[in-house]
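Student: These are the residues of each chain, in order.
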Amino acid sequence: MNRRDPIKTQVRAGIDNDPEGPLASIQLLSGEPRRKLDARFRGLCVTIAAVSVLVLIGLLASILLQGVPSLSLTLLTGGPEPDPSEAGIRPAILGTLWVCSLCALFTLPIGVATAILLEEFQPRNRYGRFIYSVIQLNISNLAGVPSVVYGLLGLTAFVSMFGLFGSRTSQGGGLEIGIRYYDQFFSEGMRSILIPVSDPSRPVSEPVDGMQGIDTSGNPVTLKVISVGEALPTGDALQYTLFDDAEAGRITKKAWYHFSLPLGRGVLTGALTLMLVILPVIIISSQEALRAVPSSLRDGALGLGSTPWQVVWHVTLPSAMPGILTGAILAMSRAIGETAPILIIAGIVYISRAPQNLMDDFTVMPLQIFNWISRPQEEFHSIAAAGILLLLGILLSFNALAVLIRQKLHKPLS
Amino acid sequence: MSSANSLATPTWRGDLDDRVGKYLGRSHRSLKLVRGRETVIYAILIASGLFSLLITGAIIYVLAIETVSFFKSDEVTFANFFGSTTWNPLLGGTKSFGIWALICGTMLVTAIAMSIALPLGLITAIYLSEYAPRGVRNVLKPVLEVLAGVPTVVYGFFALMTITPILQWLHSGFSVYNAASAGIAVGILCLPTVCSLAEDALQAVPRGLREGAYGLGATRFDVSVKVVVPAALSGIISAFLLAIARAVGETMIVALAAGSLAQATLDPRQQVQTMTGFMVQMASGDVSNYGTEYYSMYAVAFTLFVMTLALTMVGNLVRRRFREAYE
Amino acid sequence: MSNPITLTDEATAIEPRPRDGRQTHFAHSRDQASEPTTLAIGVRDLNAWYGDFQALHSISLDIPANRVSALIGPSGCGKSTLLRWFNRMNDTIPTAHARGSVHLGDTDLLSRTTDVVDLRRRIGIVFQRPNPFPKSIFDNVAFGPRLHMKLSRTELQDVVEWALRKAAVWDEVKDRLASPALGLSGGQQQRLCIARAIAVGPEVLLMDEPCSALDPASTLAVEDLIFELRRQYTIVIVTHNMQQAARCSDQTAFFYEGRLIEVGATTTVFTKPKQQQTEDYVSGKFG
Ligand SMILES: Nc1ncnc2c1ncn2[C@@H]1O[C@H](COP(=O)(O)OP(=O)(O)OP(=O)(O)O)[C@@H](O)[C@H]1O
Ligand SMILES: [Mg+2]
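Residue numbers (the working numbering), protein chains in the order written: chain A, 1 to 414; chain B, 1001 to 1327; chain C, 2001 to 2287.
If you are wondering where the hints come from, they were derived from the structure by calculation, not from laboratory data. Values in this document were obtained by computation on a predicted structure and should not be read as measured data. Where hints are given, some of them may not hold.
Stated by the list, open to error - Calculated pairs, DSSO-like style, for lysine-lysine (alpha carbon to alpha carbon, straight line, at most 27 Å):
1) C/2174 - B/1022
2) B/1226 - A/36
3) B/1032 - B/1022
4) C/2150 - C/2135
5) C/2285 - C/2272
6) C/2150 - C/2174
7) B/1032 - C/2150
8) A/408 - B/1022
9) C/2174 - C/2135
10) C/2150 - B/1022
11) B/1072 - B/1095
12) A/408 - C/2135
13) B/1141 - B/1226
14) C/2285 - C/2274
15) A/224 - A/253
Chain A on its own, in the form it takes in the complex (with noise of 0.2 Å):
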C-alpha cells in the first residue's frame, strides 16, 4: 500500500476495526485505475458524439458549398435540359407529387388498417394468435427487404403484369380506355391533319382521296389527294390537299382519365410500388401509435356496450391520431427520397413535362438528381447539390411537419 487512497483507507478502517473478520485479511484493490477508465471512456464517447455532428456538418457544407451557387429560379422552373445553365427540375418536382401523393393514398388505409387488425381485434384461439404472429413476423422481415428488390417486385407485378394483359408497344396492345390513335399527315399547305384510328395494330393509313379526318382544332375535313406531278390547288384547298405518296405518322392523345393493363412504367405503378416499400413502415409506426392509447379507455368504451369496431373509431382511432399522422409523414419523407425502386421501374429517361394521367412517365427529384451526378461535367455536379438543397428543404419541413403535429395534436388521454 504505497498510495493514500481516500476511500480504501476509510474502508480499509471499517475493516480493521474488526480484526477477527473475515474480510481482515483482504487486499482492497485501488480504485483509481478503474476511475481513469471511466473518464477515458467518457472521452472517447464525446469524441465520438463530436465526430457525428462534425460529419453532419461536413454533409451539410460540401452540399452547401457546391449546391448555393447554383440555387436559381431557373431550377424551379426548367426542365433536364442538356445544357447546365437551362436545367431545372420542375417535372421531377411535379412527379413527385403525383407519385408520392397517389403512394399516401394507398398506403394510409392499407397500413392503418393492418395496424388496427394487429392490436385492436386480438385473437382469441391459438390458431389466431399463431396467424397474428407470422403477420407480425412478416411485416418486420418486409421493413427489412432492400428497396431495390421492390422496384424489382413492381418491375414484374406492375410494369409488365406478368404478361398477363400482353404487352403494350405503339402498336396498342394490352387494355385500354381514355387513349385515341391518330395517323397524322401533313397537308402541302403545311398543316396537320390527323386520322382517327379506329384499330392500332392495323399499319399506318395510306393518303386515299375523300379520306376524311380532322384538323388541328378539332374541324372534320376531308382530303382531296392527288398524284405526284399533279398541279397544286390553290387557296384554301391547298391546306387539305395531300400527294398520294404522303407518309403519316401514327400519334396518340390521351385522356386525363387514361388507363391501360398493364401498367407500364408510369405514375401509377411508381406509386404502387413505392407503397410497398413504406406499407411496412407505415404499419408499425401506426401499431406504435395504437399501443399508447391507454386500455383503460377501451375498457370504458366496451363497458358501454361499443363493438370492437366502434371502439376503434370513436376512441382508440382518435386518440392514436397524431401518432399515426406523425408516422405517416416520416414515412412519405422516406418515400420522397426512395431512389432505388423508382429507377428500377422508370429507368432514366428524359421528361420534359408534369405527369398528365396515371399512365404517364415520370421522374421523381432524386433520381433527377442521381442523374445528374452520374453525369461526367462539372456543372451538373453543382446543380445536383443544389437539387440536393431543394430535396432536403422539403424533407426538413416534413419533419417540422411531423414535430408540429405532435405538440399541437398531442393531448393527455387520461
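We have chain A already, so just place chains B and C with the ligands on it with the hints.
Tutor: Same frame as chain A, now just chains B and C with the ligands:
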C-alpha cells in the same frame, strides 16, 4: 348521510325523467345491422392484414420464376453461377455469371461500413443511454434523426464529391470509384440505425440492475460495459444484424461511388460492383427486356433477398426474444 | 341519514324486471328496503381461470335487484374477476375463461350466443380509475346513447342532462359541457363516468372500487350517489373500504383466495359474521 342536493330541484324532475324514460325505452338500434357492419369491417381488416403476406409471397414468386428462366438459359450453369468469381454478363463473347464477384464487392463495402457503424453506433448508444447529460442528448438525438432521414442519393453525392477526393488526397492509390468511399458513406448511413436500435436495447435493461451495480461501488464505465451491455447483448446483436442487412441492401451510394467493375478484390482502393450496384446498372442502361442479362438481374436480386431476409429474420427473432426477457 | 327523496312516481308494486331491454325501468322503483326482493343476477358454481391459474372457485351467489351488493376481500381474491364476468369484460383478456352459470333474468351471461354488446348495455360498469374519453363532457355522456339509440339533438341533450343530474355533477358542469372532460377533478370525472354508464339505461351497475382514486369529499359524493341510485338500479360494488361497504350496501359478500367465504345482509356480516376469517377481515386483522 345527506342526500345529494342537486337532485332536490323538483321543477325539472317529473318532466325530464318522463321524457328521458321514453327515449331510453324506445327500440334500440338494430343489433343485426351493427353486427353485419362489424363483420364486413373485420373482413376488410383481415384482407389488409393478409396483404402483407401476399407481398412476401409475390416477392418470392416473382424472383423465383425469373431466376428459373435465368438458369434455363444456355449461357448459364449452376457451376458457373455459384463457382466462378467472374461476373461479365454484358460482353457478347465471354459471358460469365459468377455471382461471387458481386457478393465479394458487397461484402467488402459492407465490411468497411460496419467497421465504422458498429463500434461508433454502439459507443454513441452507450453514451446516450448511460452518460449523456440532457443537453447533449437533446442535440445528439435530432442530429442522428436528421442523419437517418437523409435520402441515400445524398450520401452517394457526399461519397463521390467529398469522401473520394479526401481519400485521394490522403493516398494517391484510390481510384475515382472505390470501395472505401462507398463503404464509409454506407457506414455513416447505418450509424443512426445501429445507435437507435442499440439504445433501445440498453434502455430496456431494468433499472434495478444498474442500481445494484452502483450500490456495489461500480463506476459508470463498470456499470455500462460490465453490466448493462452484457444484459442487453442479444438486443445489441439484433441491432447489428439489422444494420448489416441494411448495408447489404444499400443501393444508391454504391451505384454512385463504388464503380461498375465487378471484381473479387479485397483492396478498398479498387472499384467494385455490388449486387445492388449491378441492378442499378442494368436499370439505367438500355438492356433488352428478355435477354439472359435481364434475367440475371433477378437471380442477383434473389441472392440479395435471401441474404438480407436471413439477416433480418434472425435479427428480428433475437430482438423478440430479448424483449420478452425484459417485458 | 336523511330520508332519500322519492324520485319517480308513487308506484310501489314490484313488477317483473324488463327482460327484453326495451322497456325502461323507471316504473320499478322500490321504496322500502324491507320489501321482498327479486333476483337480479344469479351465480351458480362459477369457476374462472386466467390461463391455468384458477382465480374463482365454485362461486354461488345471488345479487338481489334494486339493492347494493358489496364484494369485499383482500387484494387478489378475485372480486374484479367476478365483476368482470358479469358483463363479460373478461372477453378482452385472451387467456380468461370460465365455467358455471351466471344469469341475468333469463339471459345466460356466459353463453357463447349471448350478445355481449347488448349485455354490456344492460349491465353498465364503472372502473377503479376514472376513464373519461379525451372528448368534451357532453360527448362523454352522449357516447353511449349515440351508439344505441336514434335521438334528435334536443333528445340527446335531455338524456345528457338527465344522466348528469342523476350522477350529481350537473350543477358543477352545466356551464362547461363543451370543455374537455379531462379538465375535471378526479371526483367529478368519476361521477361523469357514472353518468356515462347510466345514460344508456342499464339495469345493473357494476362498480369496481369506484372511490379508491378519489379524495374523501369526492368519495362522499359518490357514496351518496350510490345510495340514491339503488332505487332504480341493481348495484354491485367492489370496495376495500369497510366503512364504505357498511355505509352504502344492503348485502355483503366476503371473498378469500378465489372462494366465497360468507354472504349475507351487510349488518350481519359486519356485526355477527359466521366465519372466523370474515371477522378477522372486517375487524382489520388482515387484508
Ligand atoms: N389478466 C390477468 N391474467 C392473469 N391473472 C390475472 C389477471 N387478472 C387478474 N389475475 C389474477 O387473478 C386473481 C384475482 O384477480 P382480481 O383482479 O380479480 O383480484 P381483486 O380481488 O380484484 O384484487 P384487487 O382488490 O387488488 O383489485 C389474482 O391473483 C390476479 O393475479
Ligand atoms: Mg380489483
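Student: Quick one, are residue 2150 of chain C and residue 1022 of chain B close enough, alpha carbons at most 27 Å?
Tutor: Holds, at roughly 12 Å.
Student: Within a Cα-Cα threshold of 27 Å, do residue 1072 of chain B and residue 1095 of chain B meet the stated pairing?
Tutor: holds (15 Å)
Student: Are the Cα positions of residue 408 of chain A and residue 2135 of chain C separated by 27 Å at most?
Tutor: holds (16 Å)
Student: Residue 2150 of chain C and residue 2174 of chain C were given as a pair; does the straight-line alpha-carbon distance stay at or below 27 Å?
Tutor: Within the cut-off at roughly 23 Å; holds.
Student: Would the hint linking residue 2285 of chain C and residue 2272 of chain C be met if the CA-CA limit is 27 Å?
Tutor: holds (16 Å)
Student: Given the proposed pairing of residue 224 of chain A with residue 253 of chain A, does the C-alpha separation stay at or below 27 Å?
Tutor: holds (24 Å)
Student: Under the criterion that the straight-line Cα-Cα distance not exceed 27 Å, is the pair residue 1141 of chain B, residue 1226 of chain B satisfied?
Tutor: Distance ~25 Å between residue 1141 of chain B and residue 1226 of chain B Cα, so the pair holds.
Student: Compare the distance between the alpha carbons of residue 408 of chain A and residue 1022 of chain B with 27 Å, and conclude whether the hinted pair is satisfied.
Tutor: violated (42 Å)
Student: CA of residue 1032 of chain B to CA of residue 1022 of chain B, is that 27 Å or under?
Tutor: At roughly 23 Å apart (the allowed maximum being 27 Å), residue 1022 of chain B and residue 1032 of chain B satisfy the hint.
Student: Given the hint that residue 1032 of chain B pairs with residue 2150 of chain C, test it: the Cα-Cα distance must not exceed 27 Å.
Tutor: Holds: residue 1032 of chain B and residue 2150 of chain C sit about 15 Å apart, inside 27 Å.
Student: Given the proposed pairing of residue 1226 of chain B with residue 36 of chain A, does the C-alpha separation stay at or below 27 Å?
Tutor: holds (16 Å)
Student: Check whether the Cα positions of residue 2174 of chain C and residue 2135 of chain C lie no farther apart than 27 Å.
Tutor: Answer holds: residue 2174 of chain C to residue 2135 of chain C is near 16 Å, not above 27 Å.
Hint compliance for this structure: hint 8 alone is broken.
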